[in-house]
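Q: Here are the chains, one letter per residue:
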Amino acid sequence: MSQPPSVQRTAICIDKVCKVYGPPDSGVVALHEVDLTIYDNEFFTLLGPSGCGKTTLLHLIAGFEDVTAGTIRLFGKDIVSLPPNKRPINTVFQHYALFPHMSVLENVAFGLKMKSVAADTAQARAQEMLELVQLQQFSHRMPNELSGGQQQRVAVARALAPHPKVLLLDEPLSALDLKLRQSMRDELKRIQKTTGITFIFVTHDQEEALTLSDRIAVIESGEIQQVAVPKELYEAPRNRFVAKFIGDVNLIDIEIDDMTDNGLVRVRTKSGDLIEAVPNGSGHKCGPGHVAIRPERLNVTRKGGDGILTGRVRELIYLGTDTQIIVETEGSYELTVRVQNAHQSHVDVSPGDIVHLRPDAGTVQLLAD
Amino acid sequence: MAGGINLQTNWSTKASNSISGKQFLQLFPAMAAISFFLIGPLTFILIYSFLTPGTYGGVEWQFSTESYLQFLFERDLITDELIFENAYLLVFLRSLVLALIATISCLLIGFPTAFFIATRSEHNRNMWVLLITVPYWVNLLIRTVSMLFILRDEGPINAALIGTGIISEPIHMAYTNFAIGMGLIYSYLPFMVLPVYASLERFDFRLMKAAYDLYAGRWSILLRVILPVVKPGLIAGSLLVFIPCLGAFIAPDILGGGKKLMIGNLIAMQFQASRNWPFGSAAAMILLTIVLIALTVAARQPRPGKEVA
Ligand SMILES: Nc1ncnc2c1ncn2[C@@H]1O[C@H](COP(=O)(O)OP(=O)(O)OP(=O)(O)O)[C@@H](O)[C@H]1O
Ligand SMILES: [Mg+2]
Chain P
1 MSQPPSVQRT AICIDKVCKV YGPPDSGVVA LHEVDLTIYD NEFFTLLGPS GCGKTTLLHL
61 IAGFEDVTAG TIRLFGKDIV SLPPNKRPIN TVFQHYALFP HMSVLENVAF GLKMKSVAAD
121 TAQARAQEML ELVQLQQFSH RMPNELSGGQ QQRVAVARAL APHPKVLLLD EPLSALDLKL
181 RQSMRDELKR IQKTTGITFI FVTHDQEEAL TLSDRIAVIE SGEIQQVAVP KELYEAPRNR
241 FVAKFIGDVN LIDIEIDDMT DNGLVRVRTK SGDLIEAVPN GSGHKCGPGH VAIRPERLNV
301 TRKGGDGILT GRVRELIYLG TDTQIIVETE GSYELTVRVQ NAHQSHVDVS PGDIVHLRPD
361 AGTVQLLAD
Chain R
1001 MAGGINLQTN WSTKASNSIS GKQFLQLFPA MAAISFFLIG PLTFILIYSF LTPGTYGGVE
1061 WQFSTESYLQ FLFERDLITD ELIFENAYLL VFLRSLVLAL IATISCLLIG FPTAFFIATR
1121 SEHNRNMWVL LITVPYWVNL LIRTVSMLFI LRDEGPINAA LIGTGIISEP IHMAYTNFAI
1181 GMGLIYSYLP FMVLPVYASL ERFDFRLMKA AYDLYAGRWS ILLRVILPVV KPGLIAGSLL
1241 VFIPCLGAFI APDILGGGKK LMIGNLIAMQ FQASRNWPFG SAAAMILLTI VLIALTVAAR
1301 QPRPGKEVA
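These protein sequence lines are chains P and R, in that order. Under the working numbering, the residues of the first sequence are numbered 1 to 369, in order. Under the working numbering, the residues of the second sequence are numbered 1001 to 1309, in order.
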């Protein structure tokens, strides 16, 4: 779960890649100077809202689109000038794109056939891939005789059969219903572990990204916002976009006061409370800024004091396992607090009460913007 | 395993076996029209083909297989022996060959055209389809005659070739099998383009991307992905070109100068100048048989999955 060690081999190196659709000076800029390093055997996820450029980046790696500037290297070899059928990279498409006139087995064997693998070897390999996705008994069906989840697994088997060096998956689960999506998620993780192939997975679903990935790159408007392991992304978001995109968060306007001697930054909220925040490494000057605190990291206490936020309870929302407390502060910003209902004693507050909120140590994150 | 398929067939047999009274009423007008305009005349032709020709056209009600024999044999006037005669067979053969060549040429020209149209933007596609049908606003006879003007010795093609000094004598194109072929292709090309376009328009071009990603080159994508998927359109287009080409009579009449007969001309002649209605009817029945064979062959092509519906 920690940062991959530097001894790991680089599978894909994306170096200052730009993509402009249409004329270079007046077209749509889909990606601005993207730099990314993806390691071998890694389950890497591109996460971002619709239209941020995830598919574009995947298409550049697969070769369906040409880069406007920059280079892409696969295990050190520049591949930008190779067409898709010359890149040892396969894609699982969001819409499956199974060949409707071929049986499941023929679909899976297609890539091998195109690579001129001997027919019997191709058959055996295709069968092996169908076993990997647990569809061996469906090999003679036509794609339209399969359910959505089964089609998805055929698409995965088809893309894996030719032994690609990297597998690209463009929102492969988004067309499935929730139950199926969860089981396919486990399936994908298992397949990635078994085959050891580098997966580059695209999604706009943060939960999917957090549960599946070794590392995640958050993209917004064609720019990489942060690349980190899931835990770090959630607990130490770099900027407001990342903090808001992943999970629920309290974003608080603050003034940076000064550094403390234990490496933390002292910040002052609009209501005058002083708290300590973890700096994000990009150097801070005194002045306005933002901090992020996750709702479950705030604890309701009875007494105020240093390092504690104060406000009045506006609303209690019962969420089953949790209760959410909406607290209005004097600085006229709202804080959301989430307490587990198992800890009943903490929730005996009612609307109108003055409460004091103590953040867990080291969970207030100072943001870069 | 085949649960889905069984379900479908059960459903369709059920639907075709039990037509309710209401469904029958809905079908009645179409059935009546088909019986009246198709089955009626066909029955007449079938009966006529087994009768004896009347002296001044028409038929005499006397059973005879002479018309069918006449197709392959000539009766010696004195000994009444049957002598093999291939003149009519050659007419059928020419028709078959010309119709096949026209169909293949229409496939070769029509597929790229349809592909081009199907890959334009939605707005432009409609315009291109409209343009394809423009020649149809003009009568077939006039279009065929203009083809003759283009191909004849003094026509623009020869004039241009002589004018640029490539040839000194005009190439005789009018009144040849070549001219007939050109006429057929020109007349029936849209019947190929439109159904192929209809298939290609529904074709999921993302499949091309998937094939390209799986190491397929251009030709493999065309032969292994696009053509198999749009095959129903190719078959429909081929039938729509082949069948009318086989029975065509305006193109051979005008562009063949009446010397290169096709089945259509042969049949027309029997009902007009030669006044041999039974032989004309027999020729028509033979033509019909060929067409039915062609249709059966086409229908037996296995089609991928849902394309059947
Ligand atoms: N072929 C194209 N021509 C012009 N602009 C394009 C083209 N493809 C994508 N774009 C634009 O580039 C930007 C990024 O698109 P992209 O498809 O990469 O987004 P995405 O992150 O995959 O979104 P989604 O989650 O909706 O799939 C969008 O603004 C889109 O409108
Ligand atoms: Mg996309």
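Bear in mind the hints are in silico, worked out from the structure with no lab data behind them. One should not assume that every hint holds.
Derived PhoX-like pairs: lysine-lysine, alpha-carbon spacing no greater than 20 Å straight-line [unchecked claim]:
id	chain 1	residue 1	chain 2	residue 2
1	R	Lys1209	P	Lys115
2	P	Lys77	P	Lys16
3	P	Lys285	P	Lys270
4	R	Lys1209	P	Lys86
5	R	Lys1209	P	Lys165
6	P	Lys115	P	Lys189
7	P	Lys193	P	Lys86
8	P	Lys189	P	Lys165
9	P	Lys193	P	Lys165
For clarity, every value in this text was computed on a predicted model and none was experimentally measured.
Q: Do the alpha carbons of Lys1209 of chain R and Lys115 of chain P lie within 20 Å of each other, as the hint requires?
A: Given that 20 Å is the threshold and the Cα spacing comes to 16 Å, the pair holds.
Q: Below or equal to 20 Å on CA atoms is what counts here, so check Lys189 of chain P against Lys165 of chain P.
A: holds, 17 Å
Q: Are the Cα positions of Lys1209 of chain R and Lys86 of chain P separated by 20 Å at most?
A: holds, 13 Å
Q: Going straight from one Cα to the other, do Lys77 of chain P and Lys16 of chain P come out at no more than 20 Å?
A: The given pair, whose Cα atoms are some 16 Å apart, holds under the 20 Å limit.
Q: With the threshold set at 20 Å, check whether the alpha-carbon distance from Lys115 of chain P to Lys189 of chain P stays at or below it.
A: violated, 27 Å
Q: Are the Cα positions of Lys193 of chain P and Lys165 of chain P separated by 20 Å at most?
A: holds, 14 Å
Q: Lys285 of chain P and Lys270 of chain P: Cα distance at most 20 Å?
A: holds, 18 Å
Q: Are the Cα positions of Lys1209 of chain R and Lys165 of chain P separated by 20 Å at most?
A: OK: Lys1209 of chain R and Lys165 of chain P at ~19 Å, within 20 Å.
Q: What's the verdict on Lys193 of chain P and Lys86 of chain P, does the C-alpha distance respect the 20 Å limit or exceed it?
A: With a Cα-Cα distance of about 26 Å, the restraint between Lys193 of chain P and Lys86 of chain P is violated, given a limit of 20 Å.
Consistency with the previously given hints fails for numbers 6 and 7, ordered from lowest to highest.
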